[in-house]
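Chemist: The lines below spell out each chain.
Number of protein chains: 2
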Amino acid sequence: MTTADARTPASGRNERNARNAPDASDREAGKSIGWHKGYVRGSRPDILVPVRQVHLTTGRDVALYDTSGPYTDPSVETDVRRGLAPLRENWITARGDTEEYPGRPGRPEDDGLKHTAPRGGLRNLDAVFPGRPRQPRRSRDGRPVTQLAYARRGEITPEMEYVAIRENVLPEVVREEIAAGRAVLPANVNHPETEPMIIGKRFLVKVNANIGNSAVTSSIEEEVDKMTWATRWGADTVMDLSTGRNIHTTREWVLRNSPVPIGTVPLYQALEKVDGRAEELTWEIYKDTVIEQAEQGVDYMTVHAGVRLPYVPLTARRKTGIVSRGGSIMAAWCLAHHKESFLYEHFEELCEILAAYDVTYSLGDGLRPGSIADANDEAQFAELRTLGELNSVAKGFGVQTMIEGPGHVPMHKIKENIDLQQEICEEAPFYTLGPLTTDVAPGYDHITSGIGAAMIAWWGTAMLCYVTPKEHLGLPNRDDVKTGVITYRIAAHAADLAKGHPGAQEWDDALSDARFEFRWEDQFNLALDPDTAREFHDETLPAEPAKTAHFCSMCGPKFCSMKISRSINEKYGDGAAPPEYDEVAVAGMKAKSEEFAVRGNRVYLPLAD
Amino acid sequence: MTTADARTPASGRNERNARNAPDASDREAGKSIGWHKGYVRGSRPDILVPVRQVHLTTGRDVALYDTSGPYTDPSVETDVRRGLAPLRENWITARGDTEEYPGRPGRPEDDGLKHTAPRGGLRNLDAVFPGRPRQPRRSRDGRPVTQLAYARRGEITPEMEYVAIRENVLPEVVREEIAAGRAVLPANVNHPETEPMIIGKRFLVKVNANIGNSAVTSSIEEEVDKMTWATRWGADTVMDLSTGRNIHTTREWVLRNSPVPIGTVPLYQALEKVDGRAEELTWEIYKDTVIEQAEQGVDYMTVHAGVRLPYVPLTARRKTGIVSRGGSIMAAWCLAHHKESFLYEHFEELCEILAAYDVTYSLGDGLRPGSIADANDEAQFAELRTLGELNSVAKGFGVQTMIEGPGHVPMHKIKENIDLQQEICEEAPFYTLGPLTTDVAPGYDHITSGIGAAMIAWWGTAMLCYVTPKEHLGLPNRDDVKTGVITYRIAAHAADLAKGHPGAQEWDDALSDARFEFRWEDQFNLALDPDTAREFHDETLPAEPAKTAHFCSMCGPKFCSMKISRSINEKYGDGAAPPEYDEVAVAGMKAKSEEFAVRGNRVYLPLAD
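Protein sequence lines, in the order shown, are assigned to chains C and U.
Counting in this note's numbering, the first sequence runs from 1 upward without gaps.
Counting in this note's numbering, the second sequence runs from 1 upward without gaps.
It cannot be assumed that every hint is accurate.
[Stated by the list, open to error] Reference listing, derived: stretches of chain U covered by chain C, where coverage requires no fewer than 3 residues with Cβ under 8 Å from a Cβ of chain C:
{"no.": "1", "segment": "287-297"}
{"no.": "2", "segment": "409-418"}
[To be verified] Only pairs whose alpha carbons sit at most 25 Å apart, straight line, appear in this in silico DSS-like list of lysine-lysine:
{"no.": "3", "chain 1": "C", "residue 1": "K499", "chain 2": "U", "residue 2": "K415"}
{"no.": "4", "chain 1": "C", "residue 1": "K413", "chain 2": "U", "residue 2": "K499"}
{"no.": "5", "chain 1": "U", "residue 1": "K413", "chain 2": "C", "residue 2": "K413"}
{"no.": "6", "chain 1": "C", "residue 1": "K499", "chain 2": "U", "residue 2": "K413"}
{"no.": "7", "chain 1": "C", "residue 1": "K571", "chain 2": "U", "residue 2": "K339"}
Hints were generated in silico from the structure; no laboratory data involved.
For each residue, glycine too, the CB sits at the ideal point set by N, CA and C.
Between the sequences and the hints, there should be enough to build the whole structure, so can you do that?
Modeler: Given below as structure tokens:
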């Protein structure tokens, strides 16, 4: 079988059974429809790459990329209180370059100074994750235990083979891209539950979904649910941007239950530890927080080390100043102490820590534009040049690195962003937020940004950070998370098509064939969101037979353009190459026309057939 | 005052009053908030161009483009049974080149052979439009009475001045673009109710919304409501694609109540007259239908005259054949008779008819691709070359003309479409359907196509035909229409920004300023969809004071990046140019830092302030 280049949400058990119930087309085709969770086996029995295996009524199968984890495998019992099985544990221990250790002792402030306050939401879940006891793991001798280090040594790890199968490329291609710093494989040794995935312009465009509670709203349980919900619809990674209370505990629940890499912004938690007073932050508090999170298993961390003291004044005349939370925290610190950023000053030391756990850098763009007016300005590009320096330093320490990008950028200024980033950062993976192509549509910024995201991904961005309809207005709920993920999966796949990614078009072709042949069930099962496609169709034509009827609600039963096309196809598509537009062809059609007259000039047949 | 380059829905009377109710920011600013329907007066008292006048709490006003018609003017009494006032009547009669005449007698088949059948929906409305009696009007002597003819004669009509004010350009620019065939001003002499608007690449990108009942579903009343609803949210034109019964009557209701140009596909009604049997269509039936619709006031008509007999075989090997309904009807006719298309054969005669009413051509792309696989193929471009010929012929007869475009096109193949069309069709306005950039997301095709629409509009497309979430699945309901229009307004404005349209960014800047200064009410009133923006914000922070509170739900009350930016702005944004990144600047910041320390190292102030 081939793993088609494609995405689709895996459905829960109930939907799956519902979808497998025989219906009209089922009886016609005489085979089962719907889909099941399949696995592609690698060179060893413990490399099993999940796919969504869609069964078409034609008897053909289409395998789609699957980010949903064990939750969509009926044969796996999952329990949010136990967490997922440590898929990668044996691979990690077998390398023999890491060791368990007692780890950093927990502190009250880890959950925020006011962690005991009633609000912040512990409802229905105990605060402390009850799962199996575990000790953190780190490099045995301080040398990097990163996929980058292994790739440079010429090793193809099980993680690399796993993503090679997922991406339908040779493992050596994966190793080369990682070794060159053109791709990252985020895989903290303390997050063995993660299913390996890769981020790089040679591979499928990836999508990140942000979750996270704030002091104002949301609970631990909601965040865990948002994470599984986001991955079900196609999120490749999830960032926990919690800023409120229970920040450590929330992250523990999310990590132990996440099949995808988890990213964070350690600065947010560090700020909680000093009760929100940016100027009271210190390198020691920040470093301690990074270690705390690395031990938990955070796979990549956004570090705003590019926000340097001298750049802060460059934002003074902006329309919207500094909109990055991390960026403004560091700017506040720099101003308060009139010192260079402690993140910039201690960057090498930070590299050593990340290398010991294989935490990937996501170098944050703290000075990204927050409005169309501020796009591509001096502050933004000054920071980008610094991120280029830091990227080289990080790679020197064997730390995998990607670079974050904007933000708010009008269409005609988007390409300059990716071109400059690729040049300055030696083709390190670009990870952009949108960009939003206009500021005037609050409530629809998944769309204003989905436009920019598709374009910048076509031009080389490796991962897109989703934007939900609630951007600028509030925290996303479950529906917003789904809408954001689906919108960004569309942008990512449109880019895969435009990049001519091998096999990217197979998915579109399979769905278009089903559409042309009125195989409604196949259309639904192949759709990015089968539930919504089916629901919309049934609104207009609820009757079950309509799903196989040879017409649809747009044209009605009397006339159908698809039917006419099919008759043309029957007449001219018979194996021979289509006639060119020339007199011979025109002459040749005379005969066809007579055949046609014999059939009573009917280009479509009555519905009865 | 200036008419800002911008769009926003005008709100109904109730919302308006609700929005004008004083609230916290109102009391603070001591002025009225919200907006009102304003008019910009031209060189004569009867040229009054509507704008949505938004009152900011700063005291400043922003005027936004307004497509909503008299329905949003509290001082105008509208009655769907009487229709709108004939705004352009005096301008048309004053030209003295048209005359009233008895017109074509109505026939039973005008509403479809089964027009008396109970289904097809007449509920709550009488079938026949009860409005004022009117006789149709046409050219007095057969010479063209088109805006194109006037423009070529050097005349600046009231319609041209009206759109010049709307677009904030000189009337002469409007005349030149129309005279050159680079823009059209659809304005049938029998649709005096329409508020003039222009379609051309030098002007704001326009959006069309499709409505129309089918034999399967929907009613007259629903269609009239969809039309006013679509224009309220920003539709510049509306196409009535009805295919079921009561087709003539539905159109009459829509036209008499529409403040925007109405487009149709006459072939659909002609097909109803022969009970759906394509091969029974004749030039006479089609011609009679075009006259019937021209007398009613249809402003532009899609004519699939480019679907020529020799091109039909070129579609045989396609993945999705012919997906255009009009295209497949003509293909069926050509095959049935083995004759060249009667639309192509009689094109000159058709031009004479359209010129006598100033009906604008929308030359249909009957062979547009219906899937990613079929994009930019021989069949599509063969037809485009023919549309180029026909465009020249039409202009020779003084008929305004635009060209329709695809469809389904991956991002990397979009630019070729607009570049080729502009070259082949002498820069005639391009009017595209999307294009959809992937086939895999039924239920979300407003987004798959919004991406392509923004890009092709940036590159020169003049008008975008919206796609709703129901595309490929069913007929759009009220919510789908709104979602489609808003999505396409986003695409159109993103393109206006990328094209550097004069003043396009004013709207974004006004909203970004409001965002940066926490003027929530101003953000809502400036938003493309104020209702949704307000509702989303209130979901998380429902309390009225929150609308003026100096924080938002994303960061919570303790920490706010905007506040920090503002403090930086206060420190460095003081009239002087922002310091460059150099040692001088760094040194200069020492003093600033001390001031800062004096303020207790607070970069944000307690909420109390």
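Chemist: If a hint holds in the structure, say so; if it doesn't, say that too.
Modeler: Going down the list of hints, with the structure as the test:
no.	hint	in the structure
1	287-297	violated (count 0)
2	409-418	holds (count 3)
3	C:K499 to U:K415	15 Å, holds
4	C:K413 to U:K499	11 Å, holds
5	U:K413 to C:K413	20 Å, holds
6	C:K499 to U:K413	11 Å, holds
7	C:K571 to U:K339	17 Å, holds
The structure does not agree with numbered hint 1 stated previously, though it agrees with all others.
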